[in-house]
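Colleague: Sequence:
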Amino acid sequence: MRKLLPLIGTPSGSHPGGRSAMTCRFRCGDACFHEVPNTSSNEYVGDVIAGALSRRSMMRAAAVVTVAAAGAGAVGVAQAPQAGAVPAGTVPADAAAEAARRKHKGARGLRFAPVAPNTADAVTVPEGYRQNVVIRWGEPILRGAPAFDPEKQTAEAQAGQFGYNCDFLALLPLPGERNRQLLVANHEYTDEVLMFRGYDAANPTREQAEIAWAAHGLSAVVVEEDRKTGKLTAVSRHQLNRRVTATTEFRLTGPVAGSDLVKTSADPSGTKVLGTLNNCSGGVTPWGTTLHGEENFNQYFANSSRASDKRYGIGTGASERKWERFDKRFDVAQEPNEVHRFGYVVELDPYDPTSTPRKHTALGRFKHEGATVRLTADGRPVVYTGDDERFDYFYKFVGSKRMKRGHGRAVREHNMSLLDEGTLYVAKLTGDSPAIEIDGTGKLPNDGEFDGSGEWIPLATATADGAVSHVDGMSADEVFVFTRLAGDKVGATKMDRPEDIEPNPVTGKVYVALTNNSNRGVGSNAKADEANPRNANKHGHVLELTERWNRPESTRFAWSLFLVAGDPDDPATYFAGFPKEGVSPISCPDNVAFDPYGNLWISTDGAQLGSHDGLFGVATRGERRGELKQFLTVPKGAETCGPIIQDRRVLVAVQHPGEIDGASVEKPASTWPDGPGKYVRPAVVAVWRADGCDIGV
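In the working numbering, the protein residues as written are 1 to 697.
No wet-lab data here; the hints were simulated from the structure.
Glycine included, every Cβ here is placed at the ideal spot set by N, Cα and C.
Take these hints with a grain of salt, some might be off.
[Claimed, not checked] BS3-like, lysine-lysine: derived pairs with alpha carbons at most 27 Å apart:
1) K310 / K322
2) K678 / K231
3) K489 / K152
4) K667 / K678
5) K489 / K527
6) K667 / K322
7) K310 / K527
8) K527 / K428
9) K489 / K263
10) K310 / K489
11) K272 / K328
12) K310 / K428
13) K272 / K322
14) K272 / K310
15) K328 / K310
16) K527 / K443
17) K428 / K401
18) K310 / K263
19) K328 / K443
20) K489 / K428
21) K428 / K404
22) K263 / K322
23) K401 / K272
24) K152 / K678
25) K105 / K580
26) K152 / K322
27) K328 / K263
[To be verified] Just the calculated beta-carbon pair ranges, DEER-fashion:
28) G288 / S308: 32 to 38 Å
29) G176 / C693: 47 to 53 Å
30) G677 / P173: 37 to 43 Å
31) A266 / R206: 15 to 21 Å
32) E449 / R206: 52 to 58 Å
Given the sequences, and given the hints that come with them, work out the whole structure.
Modeller: Shown next as structure tokens:
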């Protein structure tokens with residue numbers, strides 16, 4: 001059996017959330033090093049226990065995953081493109097998987113030997129599981145697109161190839177095409193230092209900017225399963241394959257379409273937008289389209305002087321990528337309204353490559369981490385979404401129109417208008433324990449639980465005849481464009497980076513991933529309250545909401561902290577009451593998903609426990625509620641994104657591998673997935689059981 005790899009100190013230096021300085025530069029424009037955008041006096045939530053975790057505590061937590069996990073299958077460099085081979089000296093894969101199931105009963109869907117925390121430059125999966133790279137950055141997906149050659153890359157080539165830094169993933173059925181599905185992926189941002197040899201950040205070229213524009217956006221690509229091996233591979237040049245980029249035409253819909261706030265010199269109608277930027281997480285609608293959240297759009301714009309832009313983190317000087325040199329729409333001083341056309345939820349019809357994607361303004365404008373949908377009993381959509389910023393809010397949109405069944409063009413057009421009419425709400429939470437019992441260390445109050453009640457505060461309602469504001473002093477247009485300011489005015493509860501928010505399809509409960517907030521209780525920043533009970537919160541937590549009567553359109557809810565992340569040895573951590581000696585350590589929850597049994601799966605971003613980021617499964621009900629197990633880890637410098645949990649397959653997006661301070665094309669920090677001498681490339685990875693049976697059963 002392999003030894004446990006020694007765990008190193010906090011990865012990626014000292015940046016907030018464990019990210020490298022490079023990640024902070026290119027993903028969010030160093031948001032954590034700027035002044036906190038939310039300076040309102042609203043109630044704060046969240047806190048982290050002070051002090052670094054010891055190596056001894058980490059190793060003790062790692063021991064929980066058992067000696068068997070030390071032999072988990074790491075497939076890195078040369079093996080990554082292939083289905084992983086059985087590690088030398090082990091029993092056959094199906095026997096190993098059976099032994100792991102017997103030893104690790106767990107909740108149904110989570111019966112696998114947990115992967116030990118590690119720092120391998122590989123995707124490491126449980127014993128008895130196999131993996132392959134489905135598609136990498138630069139692989140051609142459209143007809144006429146050339147093979148990837150990073151030394152001779154062009155914008156035209158990139159526009160026909162899989163984009164950079166994949167994040168949200170969706171797998172949709174393809175009726176009539178056996179063993180095939182349609183994969184849709186977000187491409188959140190570009191890291192030019194790892195894309196271009198000899199990149200000069202102070203003087204990027206137009207060609208480099210145009211390649212980056214083409215590497216942003218979305219990809220739709222058909223994938224095919226090899227039933228004999230379990231591999232999933234991309235089908236290049238399929239008729240449904242599509243690229244959406246930073247220059248693709250979008251339609252602006254909903255209450256802001258045509259408003260003076262979104263008219264520009266290039267678009268005096270205020271209805272046509274070029275491109276989508278920084279798409280993070282997303283969702284799949286019940287009517288078969290995909291939703292994509294525009295998150296850190298602020299970093300692409302330069303030279304602002306307005307207070308409303310400052311609330312969104314838009315800088316007064318040059319942008320990191322300096323795109324404003326090549327297109328004036330990124331210069332706020334020249335095109336003040338262009339920035340108002342980003343920060344929305346995008347809807348794509350992946351079954352129609354000729355369709356125009358839409359930006360739904362009725363869901364508000366902020367740093368959308370994602371957008372997930374639940375239907376009311378009478379068929380109206382309810383969309384949950386978080387604003388990924390320190391001390392910002394999470395929201396809900398309740399539609400007023402009912403979904404229609406069927407597949408005709410008229411039905412599809414109707415359903416794609418559902419998110420244009422309804423009411424946008426923001427959340428306000430109240431704890432049920434005395435404030436004196438919340439001391440900022442994560443110590444449970446006397447009632448033994450962090451919990452309370454909440455309300456959804458209406459901000460504005462959009463109808464076919466117009467829109468009405470529910471916020472004093474703001475018009476409806478202003479509420480939908482300056483949604484953060486509306487949340488400030490109504491006293492919404494400040495959260496610790498609310499990221500992915502998803503309703504459990506089995507129980508109806510809603511889970512909110514709160515990644516971290518190292519500013520909580522630090523300096524003049526307000527301290528903990530019951531909804532986020534730790535100061536200097538570097539590990540994050542997961543909130544569980546129960547809508548009143550379990551109806552998504554309700555305006556009241558109960559809430560409790562489901563997980564308080566960190567080292568299980570840390571007394572400030574909490575795993576829904578499950579014994580902490582039986583869980584894996586977890587830090588910085590980000591994207592979430594559910595398996596067919598209602599278990600919550602959590603991917604992490606910037607883990608602060610010395611191990612690489614990974615994917616975890618946790619039971620949400622029954623006697624094993626709170627039992628959390630690590631399913632995989634990702635390579636050096638990478639983040640785990642876009643998890644999809646199917647009966648027999650798990651997919652993850654391995655985002656920004658090798659994104660370590662000081663890394664470059666010339667000095668790579670990772671050799672994943674193709675080995676030494678090759679460019680490090682973000683990619684989608686599929687994992688399955690070697691014996692072909694369902695995941696975790």
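Colleague: Each hint: holds or not?
Modeller: Results of checking the hints against the structure:
For the suggested pair K310 and K322, the alpha carbons sit about 19 Å apart, so the restraint of at most 27 Å is met. With a C-alpha separation of about 23 Å, the suggested pairing of K678 with K231 holds against the 27 Å cut-off. Proximity of K489 to K152 is assessed by CA-CA distance (about 51 Å); at most 27 Å being required, the pair is judged violated. The hinted pair formed by K667 and K678 meets the criterion: a straight-line CA distance of about 11 Å does not exceed 27 Å.
The straight-line distance between the Cα atoms of K489 and K527 is roughly 21 Å, inside the 27 Å bound, and the hint therefore holds. Taken as a hint, the K667 and K322 pair is honoured in the structure, with Cα atoms around 24 Å apart against an allowance of 27 Å. A hinted pair counts as satisfied when its Cα atoms are at most 27 Å apart, and K310 with K527 qualifies at roughly 23 Å. A threshold of 27 Å between alpha carbons decides the hint, and for K527 with K428 the separation of about 17 Å falls inside it, so the pair holds.
For the proposed pair K489 and K263, the alpha carbon gap of about 26 Å is at most 27 Å, so the pair holds. Restraint check for K310 and K489: the C-alpha separation of about 16 Å stays at or below 27 Å, so the hint holds. This hinted pair checks out: K272 and K328 have alpha carbons roughly 16 Å apart, not beyond 27 Å. Restraint check for K310 and K428: satisfied, since their Cα atoms lie roughly 23 Å apart, inside the 27 Å limit.
Among the hinted pairs, K272 with K322 is consistent with the structure: their alpha-carbon atoms are about 23 Å apart, no more than 27 Å. Restraint check for K272 and K310: the C-alpha separation of about 25 Å stays at or below 27 Å, so the hint holds. This hinted pair checks out: K328 and K310 have alpha carbons roughly 20 Å apart, not beyond 27 Å. Distance restraint check for K527 and K443: the Cα-Cα separation of roughly 14 Å lies within the 27 Å cut-off, and the hinted pair is therefore satisfied.
The straight-line distance between the Cα atoms of K428 and K401 is roughly 26 Å, inside the 27 Å bound, and the hint therefore holds. Note on K310 and K263: the hinted pairing holds, with a Cα-Cα distance of about 20 Å set against a maximum of 27 Å. A C-alpha spacing of about 52 Å is found between K328 and K443, which places the hinted pair above 27 Å, so the restraint is violated. Restraint check for K489 and K428: satisfied, since their Cα atoms lie roughly 12 Å apart, inside the 27 Å limit.
For the hint linking K428 to K404, the alpha-carbon distance of about 32 Å lies beyond 27 Å, and the restraint is violated. A C-alpha spacing of about 23 Å is found between K263 and K322, which places the hinted pair at or below 27 Å, so the restraint holds. Taken as a hint, the K401 and K272 pair is honoured in the structure, with Cα atoms around 24 Å apart against an allowance of 27 Å. Distance hint between K152 and K678 is fulfilled; the C-alpha atoms sit about 14 Å from each other, no more than 27 Å.
Using a Cα cut-off of 27 Å, the hinted pair K105 and K580 holds, with the two alpha carbons roughly 17 Å apart. A hinted pair counts as satisfied when its Cα atoms are at most 27 Å apart, and K152 with K322 qualifies at roughly 22 Å. Between K328 and K263 the CA atoms are separated by roughly 15 Å; this keeps the pair inside 27 Å, and the hint holds. Taken as a hint, the range 32 to 38 Å holds for the pair G288 and S308, whose Cβ atoms sit roughly 36 Å apart.
The hint said 47 to 53 Å for the Cβ distance between G176 and C693, and at roughly 27 Å that hint is violated. G677 and P173 have their C-beta atoms about 39 Å apart, which keeps the hinted 37 to 43 Å range intact. The hint said 15 to 21 Å for the Cβ distance between A266 and R206, and at roughly 18 Å that hint holds. Distance hint check: the CB atoms of E449 and R206 are about 57 Å apart, consistent with the given range 52 to 58 Å.
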